[in-house]
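Engineer: The residues making up each chain are set out below.
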Amino acid sequence: MADWLRGGRNRDKVRDDAAQWVKCPSCGEVLYRPDLSANLDVCARCSHHFRMRAHDRILSLVDGDFEEIARGVLPADPLGWTDKKSYPQKLAADAEKSGMDEAVLCGFGSIGGHEVALGVMDFHFRGGTMGSVVGERLTRLIEAATARQLPCTIFTASGGARMEEGMLALMQMAKTTAAVLRLKASGEPFITVLTDPTTGGVSASFAFQADVILAERNAMIGFAGRRVIEQTIRQRLPDRFQTAEFLLERGHIDGVVERANLKSTLERILGYARAGRERRKRAELSA
Amino acid sequence: MADWLRGGRNRDKVRDDAAQWVKCPSCGEVLYRPDLSANLDVCARCSHHFRMRAHDRILSLVDGDFEEIARGVLPADPLGWTDKKSYPQKLAADAEKSGMDEAVLCGFGSIGGHEVALGVMDFHFRGGTMGSVVGERLTRLIEAATARQLPCTIFTASGGARMEEGMLALMQMAKTTAAVLRLKASGEPFITVLTDPTTGGVSASFAFQADVILAERNAMIGFAGRRVIEQTIRQRLPDRFQTAEFLLERGHIDGVVERANLKSTLERILGYARAGRERRKRAELSA
Amino acid sequence: MNPLLEREKGLLELERRIEDLRSASEGKRIDMSAEIASLESKYRQVLAELFGSLTPWEKVHMARHPRRPTALDYIAGFDAFDELHGDRMSRDDSAIVGGFARLGGHSIVAIGQQRGRDMKENLARNFGMSTPEGYRKGERLALLAERFNLPLVTFVDTKGADPGILSEEHAQSEAIASSLEVFAGLKVPTLCVVIGEGGSGGALALAIADRVLMLEHSVYSVASPEGCAAILWGDASKAEEAAAHLKLTAADLRGFGIIDEIIPEPLGGAHRDPEGTVTRVLDRVGALLDVLETYSLRELLDARYEKYRHLGSWRDAVAGSDGAT
Amino acid sequence: MNPLLEREKGLLELERRIEDLRSASEGKRIDMSAEIASLESKYRQVLAELFGSLTPWEKVHMARHPRRPTALDYIAGFDAFDELHGDRMSRDDSAIVGGFARLGGHSIVAIGQQRGRDMKENLARNFGMSTPEGYRKGERLALLAERFNLPLVTFVDTKGADPGILSEEHAQSEAIASSLEVFAGLKVPTLCVVIGEGGSGGALALAIADRVLMLEHSVYSVASPEGCAAILWGDASKAEEAAAHLKLTAADLRGFGIIDEIIPEPLGGAHRDPEGTVTRVLDRVGALLDVLETYSLRELLDARYEKYRHLGSWRDAVAGSDGAT
Ligand SMILES: [Zn+2]
Ligand SMILES: [Zn+2]
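Chains as they are written, first to last, in this note's numbering: chain U, 1037 to 1323; chain R, 1037 to 1323; chain F, 608 to 932; chain E, 608 to 932.
Be aware that one or more of the hints could be misleading.
Unchecked claim - To give a feel for the contact side, a few chain U residues facing chain E, derived at Cβ under 10 Å:
id : residue
1  : Asp1137
2  : Gly1171
3  : Arg1198
4  : Thr1234
5  : Phe1242
6  : Thr1268
7  : Ile1269
8  : Phe1277
Don't read these hints as lab results, they were simulated from the structure.
Using N, Cα and C, we set each Cβ at its ideal position, and we do this for glycine too.
Go ahead and model the full structure; you've got the sequences and the hints to work with.
Structural biologist: If you want it as structure tokens, here you go:
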């Protein structure tokens, strides 16, 4: 196994025994973590999809190694933000807890033989919020996909823009948008997979700019948070509101996919993308 | 006055005295036809907009003369259609009654100093239905606008596709669409003014393909006819349904205009179009 | 009412007799194969007589036959199909189905108008009549074909666009008009098959294409015969008369240059051999995709423009000659 | 609650006294001009003290001031304005207004976010919070600017996008995401003025531009202070604290390179001289349009890309240097 992937896995070993058991929040079943991991973090009893760590996600998708890019891009503290803790303290705590140094991993790998630019967000770091690092890493990924003439796939998981970076966080929506536009102009497809949860500034930018938008079953996806809406309308929302299935009915997304079928689904879509690229290359050759 | 316009007006003289008085279908006022004409066929009492003849419409808009094009394009009888009367008999009867040889007049003129390609449909000929002649004349107009680099404005008034030309009538939707696409690709704007009534194949093609879509007050505009919908839902529709004002509320059109303000409104919009064209020419020069 | 039912009645009687003879002869000593062969020969003869020359009105019923293959039957014949949903805004109209597909060596995007095969499905799919959201879904998928640089194949089968209140409120005219624009300018090869009923602007919205094919007994019309009769004579029950006038058969439309090719159906209609029909259609689609791939995009777009540019029939008083077609 | 009201109370008292003196002296023999002049001088001094250094929270209230000029006030200052309506599909969201306009020598398309100036108008305009239909209207008008080849000017003034059920059902995320794409790639010069409150993605949807200006006391924030406090601390009442953290003032954002220019306001805020403010803003807009017209489209698009490309702040561990801004 390649270095990158081993690095991602090693971090499991430090966990103590108590952490080896988790209770499914949906059906209550107590699950043995290694079994759960082997089942792609899906409850074997009720199919509840646990939020997946970015490393595990990548491991579950790529054929061989993963060429991570932009890992040197690390968070700063542009606003000098401090409330109960300073922003750097919050970052350090999340890094310790999650084993991530930011809320996204970006790089290149193959899925079913199809090379692809792959960005995977991780809710375990600052709720997957997008600050400068998430924006910069994803922008570098999208730009690199454009340069290498490869499709780009991003797995979203985000509470929205990161407050502690203020307007610089909001501007990452504009920055990634600009990069997505250039990717599209180059003829390469853009595919997103929305996982639980995808909201706010991420949902309202690249998540919904993709050519093909898939979502994991039961993922919560929306612009405004549930609480905000409930406060606005002063009543409780139905449970299904803002679920992936609800969005599918409303026509917002192309499909809802079980995690077990995600890799094969992406393989097929990337296969269509490859066929289109080959058509383009043939046309360029004969022109 | 130029020949073209005189030709259009002469036909009024043959009408007998009884026809000099018309009753307003909206408020019941009896109106003297010359007064009504002088008031752009708008009831002086209640502002009801009578359906306007294409000649009168053009007269009310253009600064000087009107260079009619495609007037030699005249209807054939491709299906050999006969029901109570033959299709050629129907055409002849409508020509006699309306003074039109088909349901649209096309040509070039100036509106407030802005040269424009102008197509005006006339409900008095076969209910403004679109057959091969309407499609061909409009297509020639749009193509000529593209070639001359002028914006194109079409006044619609149509019961839809002309049954007696069958699928050849339907194909005029595709034909005009293709021409509109090329006009747009050339950078020239396309403006439609929807007048009473605009439905079916005309409403579902060039009428709603324009960059700016205006409608005359209280014009009936829709895809399906009122009767068809009422039969489908088995209840009466509200009076406002499918009126220009209803469509404005629903966001379908850019604005509702009183006939008295139409020329000045078009002048301003054509002024914006000219400003844009001048920007384009400047850019081409400096490139 | 349904002229096909009358015709099929005689056939069904023959079919039943042949079946009876077969059952009777099975496991028995008496050899009835000669009688069976004779009846089968007669059956084929009656079939040919009955269906060799259908009237336009009979073709309308053939096109609407409840067991006639629908868009999803052709889609099921693809080597792969990955369905995509929705207009990205408000609904997923199930009267329009579409997605990525593979057909032989071709990766494509396919879009179909899907009517129901029984009353329950018809209600769910609004009898195959699209709402504006459906056309916007179709338009989105067409543009997706362009984004992925894949040919587009559409299957047309609709009485027409949905004529309901909500469809008017959501700008049915705009949805169809916009779809026409997208299809007219789409920067990939496009191919359309009219598989059943092609009704009015609601069909045309998905039917501007580099190649338009029709199944032999499908129909394609400026308005449904019922609608035409209602418009012209205020009497929808005169649909048969309207059908006779409208020139809505594949042969008529081939004559006008409106469609490019007719795909033959089995004697008695596509529903008598659905699998065979699907195979025949998809084979022809695949072969034509091969052909379309030999043209440059510029050539395709120019040819598409020219094709639609010249449709129509008029006298040209100035040139002194008749117009095109 | 509203810190500005406290401050303005003292000013109003002074204003009243000056007015009283003026009335008293009018038509009377006693010359009180010296006393009036003295009070006026004092008034100006207090004004300068009070408004010379507003806290972020006070700026938030300034940005929300009910008498602060709104988008329609700027639009009324154009030499001509022809309003256009609707998203072409389902609604005409009055929280977004737009149309063709003339400003000096420039023909443009203008789009503004319009809050209400009283409770009645606020209800009609949903407090300036756009629904997806509003963003689609804005996007349509932006594309119309491209079609007419005219520069686009937007006025941003919103607490944020509408957070209602229907907005979610109609894909608010998609509407904003799509608007961002259109604005990022629009093939005409674009200019944005934040005139009041720029709230979150709902503001950004109309705020990607070649030049972004802010009025001195307007604010522009990743989330409203109330929203930020609710998100971080589960307590919207800590908005003042959030405002202090968020770096939402024009000066802060100029420092980050997020906006290009600050337009000064009259002492005491734009609402103390609405006409003057409108004139100053429109003069600046006109002058910048002159500047933007000196660039080729390629130059504009490249510069627009570069500007947004480099926004952000990060450490680069590999390069050993800090990131942009
Ligand atoms: Zn479970
Ligand atoms: Zn009247």
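Engineer: Was the hint right that Arg1198(U) lines chain E, CB cutoff 10 Å?
Structural biologist: holds, 8 Å
Engineer: Is the interface hint for Ile1269(U) satisfied, with its Cβ closer than 10 Å to some Cβ of chain E?
Structural biologist: holds, 6 Å
Engineer: So, as I understand it, the hint says Asp1137(U) touches chain E; can you test that by seeing if any CB pair is closer than 10 Å?
Structural biologist: This interface hint holds because 9 Å falls under the 10 Å limit.
Engineer: Tell me if the interface restraint on Thr1268(U) is satisfied: Cβ within less than 10 Å of some Cβ in chain E.
Structural biologist: At 5 Å from the nearest chain E Cβ, Thr1268(U) passes the 10 Å test, so the hint holds.
Engineer: Please verify that hint: Phe1242(U), Cβ, nearest Cβ of chain E, below 10 Å or not.
Structural biologist: Holds - the Cβ of Phe1242(U) comes within 10 Å of chain E, reaching about 7 Å at its closest.
Engineer: With a cut-off of 10 Å, does the beta carbon of Thr1234(U) approach a beta carbon of chain E closely enough for the hint to hold?
Structural biologist: Holds: closest Cβ of chain E sits about 8 Å from Thr1234(U), inside 10 Å.
Engineer: If you take the shortest Cβ to Cβ gap from Phe1277(U) to chain E, is it below 10 Å?
Structural biologist: OK, holds: Phe1277(U) within 10 Å of chain E, min 7 Å.
Engineer: Would you settle whether the hint for Gly1171(U) is holds or violated, based on the nearest Cβ-Cβ distance to chain E being less than 10 Å?
Structural biologist: holds, 6 Å
Against the hints set out earlier in the document, no violation occurs for any number.
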